[in-house]
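Could you put the whole structure together from the sequences, leaning on the hints where they help?
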Amino acid sequence: MDLDPVLLARIQFAFTVTFHIIFPSFTIGLSAYIATLGVMWLRTDQERYHRLMRFWTKIFAVSFAMGVVSGIVLSYQFGTNWSRFSVFAGNVVGPLIGYEVLTAFFLEATFLGILLFGFNRVPPWLYVMSAAIVAIGTSMSAFWILSANSWMQTPVGHEIRNGVAVPVDWLTIVFNPSFPYRLTHMLNAAYLTTGFVVLAVGARYLLAGKHIEDARTMMRMGLWLMAILAPLQLFIGDQHGLNTLQHQPIKVAAMEAHWDGSKPGALVLFAWPDEKAEKNWYEISIPRGASLILRHDPNGLFPGLKSVPPQDRPPLLNVFFGFRIMVGIGLYMIAAALFGCFLWWRGTLFETRWYLRIVSMTWWSGFVAVIAGWIVTESGRQPWLVHGLLRTADAISPVPAASLLGTLVLFVLCYGIVFSMGIYYINRLIALGPEGRALEASEGMPNRPLMAAEGAAREAIERKG
Amino acid sequence: MEWYLPVIWAALIGTAVAMYVILDGFDLGIGILFPFARNEAQRDQMMRTIAPFWDGNETWLVLGGGGLWVAFPTAYAVIMPAMYLPVIVMLLGLIFRGVAFEFRLVSESKRWWNRAFNIGSIVAAFSQGVILGGLIQGITVKDGQFAGGHFDWLTPFALLCGVSLVFGYAFLGATWLIMKADGEVGERARTQARLMLLIVLGFMAAVSLYTPIAFERIAQRWFSLPNFYFLWPVPLLTIFLAAMLWRWIGRRREVLPFVASIGLFLLGYLGLVISSYPYLVPPTLTIWDTAAVPASQIFMLIGTLFLLPIILGYVIFIYWLFRGKVKEGESYH
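The listed protein sequences derive, respectively, from chains P and R.
So the first sequence is residues 1 to 465, counted in my numbering.
So the second sequence is residues 1 to 333, counted in my numbering.
Just so you know, these hints were derived from the structure itself, not from any lab.
Positions of the beta carbon are idealized from the N, C-alpha and C atoms, including for glycine.
There could be a bad hint or two in this list.
[Claimed, not checked] A few chain R residues that don't get close to chain P, going by computed Cβ distances all over 12 Å:
1) E2
2) G14
3) I22
4) T74
5) L92
6) L105
7) I136
8) V163
9) R190
10) L231
11) V273
12) Y277
13) T284
[Said to hold, decoys possible] Simulated DEER-style distance windows between Cβ atoms:
14) P:G328 x R:T140: 49 to 55 Å
15) P:P315 x R:A206: 37 to 43 Å
16) R:N39 x P:A431: 38 to 44 Å
17) P:P315 x R:T140: 46 to 52 Å
18) R:T284 x P:W281: 54 to 60 Å
[As the list claims (entries may be wrong)] Which stretches of chain R does chain P cover? Using the computed rule of at least three CB atoms under 8 Å from a CB of chain P, they are:
19) 51 to 57
20) 307 to 316
Here it is, written out as structure tokens:
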């Protein structure tokens, strides 16, 4: 069998980047939550906020470590896997990544040290401020990386000179047309992901009859946030979609599995799009629905997949199903948040066990939705790496397929071990709960760097034994 | 401008790489020395000396790689494919040792993550040495693209550099422990530091003798006149510093050995820079051949000149905050 280096390079990058995005989606939201808890603690002086802050910081430490190490890999893979892209786009995208390192990575890494180990060495205000700085750092990181990604989707502000993209106007490049939408969509998604995890953990404790006070605090904070952000995400997503229609119409056609642009588009609820036959099988759809959403007019037209030759179309199944999974989960989150608020208003939130059970079992919703959403936008950009400028197949490094395959296997093995252990450990920290003895123990020992989770670990071992 | 910008950027990236080598060097060194700890309390102590810093230290690697891409995209695009396997293996090593910090604390059995921390550190250090060696010996380039074989980097010289760096980092780690660890760990580090010093000097001598013999351009650089007049202090200073180091370790100085070991590293680094300048990808691509367009270099330079002092400010702050020695078995209830 002949190995296709482009395909292998893509699979490898897709694999590492998909693993990586799990952690930022969680840590962006979680750092903001930790900072919020810290501020509430300082303002109200209530111990429960402090306890929750310390608890979530332990979980943050484990997830952030995985985010860091999987992120370093990416900054080198641009060169190892996509060296021709590095040359083509380096003048434009390079500085954006550079600014991410300078404005975000150092900030996060340094103040995380204080957040994790400095509790006994700094005054409370500086401790809480470190949490806030870490949260700001993670968002700044998202700002720059999404700016770079958005430029690859909607490149502007450059010119092509000697076959490479050269910057002309930096403001236009940074704030390229799809960037504001992508940034708000992603940040909101990160907050939703974390909000849902917090909600699910609260529900889990209530079901188990443990840590009741903390669980109620978590659920109230989570629900309140979700009830605002989940419906908001629907609106942001819709705006993002309209923006995509304007700049990358074929991506939208793939999302809607819309073949013939001369007719109004149906809202396809389910179908099996067939790339060869250029039609949908088993289609269940609302006629003119997509036209209504995208053009606000039942007779509105938008380009279909057939308007470009097959080699210019994105891989249809990824985009089509990725989109449906993302939207489906989004709708579920809205329903869960609003129904939870309804129960809260009725005063039966903490007793409605079936609701708690569903919520606690769907902690993963946000992660899956984020991954599905990225599959939609990244697969939807294909066959381009930089939309309209550089094809993915032309961007690859001169590296033989065998090396790519070998390292892909290594990545799968190593990530499999490291990240399954990481998730197992996070789950154990959650199972242990916020009232672990670790807290009293660590507070009793002044002036010494403390490992964030060591007390919890000790306790886990003791409980086991 | 077209002449100065690449020089400024080469200096900045050179600084970032030096920062990385020193900062992550000592914490990788702790990983390399890890098996010599007698028990779990000592391992905890060793790890605690670097726990608040390692993440920030590793960020210099991202800055080095990212900076190379920003300022010299062509060099980045040549070096990464040429060093494909060592780079990926280094990254995997860094993953295992990086997560080990948090994982060993939450797992039932620390044994496996102790091992991951140790082996990951060795693998990362060795790969970095191999990459360095591969770069010094030169990369085949045609039309601005990597055009060599995929195992070109695999030479006895590159492997020698790999082993040298493992010992070099272990040496930095040992002098760090002299400064930061109390009790038996700090005591043992003195013996380790002296032993490592001798080994490192041996490797430095080997590289210094081998490179001018094997590479004409490096011999030209060092031994042609008038270069020789300016350059002879570099090896002399190295020998002097090494002798002082030996003394300081013996006289139970605590901070000086670490400072001097940094000095020793910087001298070695300076030697390599002198050997290679102005080539970024020896023996063909200079810093000017591979530079990004001025618009990109200036845009990034403005931010760097503004942000780098701030970054250095809080990096210094955190080292100051976690100053002082760490005791053995101190943290457990």
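Taking each numbered hint in turn, which are not upheld by the structure, reported in ascending numerical order?
Numbers 4, 5, 6, 15, 16, 17, in rising order.
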